[in-house]
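A.B. asks: Chains as they are written, first to last, in this note's numbering: chain G, 1 to 309; chain L, 1001 to 1351.
I should point out that these hints are in silico values taken from the structure, not numbers from a laboratory. Since the structure is predicted, the reported quantities are computational estimates derived from the model, not experimental observations. Be careful, since some hints might not be right.
[Said to hold, decoys possible] Quick look at which bits of chain L chain G covers, simulated, 3 or more residues with Cβ under 8 Å: (1) 1093-1106; (2) 1193-1206; (3) 1222-1230; (4) 1294-1300.
[Unchecked claim] Partner residues are not named here, just some residues of chain G that face chain L (Cβ under 7 Å, in silico): (5) Phe-6; (6) Asp-7; (7) Ala-13; (8) Ala-19; (9) Arg-23; (10) Asp-26; (11) Pro-27; (12) Arg-31; (13) Ile-36; (14) Ala-39; (15) Ala-44; (16) Ala-48; (17) Arg-113.
All C-beta atoms in this analysis are idealised placements derived from N, C-alpha and C, irrespective of residue type, glycine included.
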Amino acid sequence: MPEKSFDINRIRAEIEADAETRRRQDPELARLERDIERAWIDVAPPGAAGDDPGELLLDRADRLALIDVDAPIGERRGVREVKGAIRKATYWYLRYVTDQMNAFSGVLTRLLRRMNERLDHVEHVVGIYRDDRELLDPPDAPSPATSAAIAREVGSGRTVVLSCGDGEVVAALDEAGGSAYGVDRDAVALLPGVERGLDLRTGDPRTHLVELETGSVDGLVLAGFVETLPVAMLVDLIDISLDRLAVGGRVVVAVADPGNRSPIEAELRQGRGISPETWAHLLERRGAAVSLVDSPGPRVTRLVIATTP
Amino acid sequence: MNSPRVHQFTAVLAGRDAVGQHTVGVDRVLRSMGCVVENFAAHVNADAGMVAHNFRDHERFAPPDLLIYQMSTGSPVAEHLLESDTKLVLNYHNVTPSSSFEPWEPHIGAELDAARRQLSRLARHAHSAIADSHYNAAELEALGMEQVTVVPVLWRPPRVRQALAPVARQASVLFVGRIAPNKRHEDLIAMMAILRVRRPDVVLDLVGGVSSERYATAVRELVERLGLTDAVRFHGSIDDATLDQLYAEAAVYVSASEHEGFCVPLIEAMAAGLPVVARDAAAVPETLGDAGLLIDGPNPVALAGAVDRLLGDDRLRSCMAELGVARATDFDLEMAEAALAAALRPLLEAR
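Here chain G stands alone, though its shape is the one from the complex (with noise of 0.2 Å):
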């Protein structure tokens, strides 16, 4: 066994003590400890990195914000006492905020976090809205030929085309002499059209046609995502394309007729699609003028097309 002179509770004294004794007399080890701590505080989440975050609190408060927790300056007697009262009070008060907030995110981040689940939930029992990537692939990108008819149709101006795909129709739509940029959900099919230098962006495009303001392009062309909405959302989606349309300005659906669907894609495409005249009949209720042109295929072989008034 181990000699009786060896005390290990006197050992953990001695190493608590002189570590104590270090932070204390040490600028080095503390200019460190500090280095350390704050390099901590970087790279974790709020309430992470400690309840007593003192005066790294009050540094950080003193680099980020226009707070003067040395203020007043001074020396004079008194001056010193209020000094420190100040501080203590910007400390507790600093500590109070960035408690009640990491608290505040912690519930937050616990309640998105249940919500998320029952929305998952309702969505798998109702079976809407769920991902069929797995089951089929998106609808193709207008061929060069119908993306050549809408170049045809849409003209020069500012264009915007909604599930660009490869962005075939964005090309034509540059050849036309317009200007035109895409947008897709799926990055990885704009890869060869961004390649060729065309404008094409990864996004949402319902997110993307919503966010555009009011009458600030000239044409909008609408494929690939509209063929899988429900029928309520893309009524909204009519009513948001003609609203951001400038005056004269045309909306042209690339859409496959629905009818035309094989059986596969029948039963697996999530939303049931609408035809082109049934795509012209909801633009003519909102007041557009309509008409529907043939197009070259092989997928989509009608185009409508819609003026604004």
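Let chain G serve as the given structure and place chain L on it in line with the hints.
C.D. replies: Only chain L this time, still in chain G's reference frame:
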């Protein structure tokens, strides 16, 4: 008289995990007592080392005389057992406090909160409990359980797992444990930053898989920001032979963990003759006994001071190694198995 039938449950049966090893050990002990044992889990890893059925198939087996639940986290298994009228023994290994995970992985924090709620209900429902430390037993007693027996985790430490050739200790510091917020890897990294000022050659070996990707990323980033990429080695989850080798090669074992219900790596380190420095928290002092150097924490400066002292004092290191080896024998596998058998025997006889 027929052989007693026991059904043992656990949330996840994994071979490279203290609770998994213990579950396999309990199965071994029960069979040696003449019981007919079936094991059930929600998930069974490929390395489990034992057959376990899905817990939902439990009703398809002949009704048991006794249920044993190995609890270390929340699980639908607990809900299943709460519906059973059969006598239940709760074998409790503790649940990590949600506050550790909350800022990093809120969903895990919520699951840990749910686990604590399950624990309260299990404590009311179970006939009796086995805890692997007095620290864990105290928690069960606070929940109103009266029959709680302490039996350590059934675990075979490295010197018994494999006879190791003595290796010259390097200037390396070892920690074994999953990369999880409650293990406080950031304090170990801070300790290294401080220690390297005095001892630029020291390295830290970190062994263990990842429980929180977000936390692990932050720990790795801290290492980079402090310029310690050559001083901190992340080994991940490794096989027993490699782990034993790291135990054999290291000079000091350090733990900054703020929550442990038992902590098997401490026993492994002591058994391997490694002096142990650890934060004085949860069940750590109980497991170490008088054989480890405890530090009030979190205190990376003191951890660095302790390691520095041990690296510079051969006599102290050797004394602590000797104390550790002696302490590890208190958790001898055969003794723990006998204690477990003694705790279970009255329950099996009273069926």
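A.B. asks: So, against the hints stated earlier in the document, which numbers end up violated here?
C.D. replies: 6, 7, 10, 11, 12
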